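Visitor: Sequences listed follow chains A and B, in order. Take -2 as the starting number for the first sequence in this note's numbering and just add one per residue. Take 4 as the starting number for the second sequence in this note's numbering and just add one per residue.
Check the hints yourself; a few may be wrong.
Derived lysine-lysine pairs resembling BS3-like cross-links, with alpha carbons at most 30 Å apart [what the hints assert, rightly or not]:
# : chain 1 : residue 1 : chain 2 : residue 2
1 : B       : Lys45     : A       : Lys68
2 : B       : Lys45     : A       : Lys59
3 : B       : Lys113    : B       : Lys45
4 : A       : Lys41     : B       : Lys5
5 : A       : Lys68     : A       : Lys24
6 : A       : Lys41     : B       : Lys45
7 : A       : Lys68     : A       : Lys41
Covered stretches of chain B (chain A as the covering partner; in silico rule of three or more C-beta atoms under 8 Å from a C-beta of chain A) [what the hints assert, rightly or not]:
# : stretch
8 : 45 to 55
9 : 102 to 108
Over the 12 Å line for every Cβ pair with chain B, so calculated as not near, a few chain A residues [as the list claims (entries may be wrong)]:
#  : residue
10 : Ser21
11 : Lys41
12 : Glu60
13 : Ser63
14 : Glu65
15 : Arg75
16 : Gly82
17 : Gly94
Source of the hints: derived by calculation from the structure; they are not laboratory data. All of these numbers come straight from a predicted model, not from anything done at the bench. Glycine is no exception: its CB is placed at the ideal position from the N, C-alpha and C atoms.
This is what each chain is made of:
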Amino acid sequence: NAGVMQNPRHLVRRRGQEARLRCSPMKGHSHVYWYRQLPEEGLKFMVYLQKENIIDESGMPKERFSAEFPKEGPSILRIQQVVRGDSAAYFCASSPGYNEQFFGPGTRLTVL
Amino acid sequence: RKEVEQDPGPFNVPEGATVAFNCTYSNSASQSFFWYRQDCRKEPKLLMSVYSSGNEDGRFTAQLNRASQYISLLIRDSKLSDSATYLCVVLFYNQGGKLIFGQGTELSVKP
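Please construct the entire structure, taking both the sequences and the accompanying hints into account.
Guide: This is how it looks when you write it as structure tokens:
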């Protein structure tokens, strides 16, 4: 059973470009969570999704950030018009329900 | 006040030492508790869940005191491979199941 998969592992963007981060949950897991870890800081919750539904997006910045988890395919975290402050590690986690969450290897976004 | 607070680090201990980490949480509605470890800012890996009765997994013992809103992790006979950042994590069911992380406590085990 493959673990949580994320790609790309590293992403470099220039200011103003778009970043798309993908996450495939573990087989059998229908809950997907995105977390962000800024340099020298702890992990912070961003958004919680189930198939085709955003359940909780209270941790998402109001502008430029969006997330989806379509019926088919991976969950996508999209950041439009990136700024230097978006540089961080973005981790996806999945869970079969309201219990332990298992994390993917993360995408390290660098904004030049 | 932060929702989850941990001991400030770093902890520098010799091999074989016993080390304890403490954590407090502010929301009494919290439902589940975990310790994760993070190596070199890679992905967090689940170390163990924490139950009210206390639980043990080899050299690791976790305790939960709901009345005091306090969680602990004890590591006995430290190994070099235990060097990592230990994250106290709380799950809030009434907030959709998201995890709230403490800042983490860095442990460095020296030979």
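Visitor: Among the hints numbered above, which are violated by the structure, and what are their numbers in rising order?
Guide: Per hint list: 11 and 17 violated.
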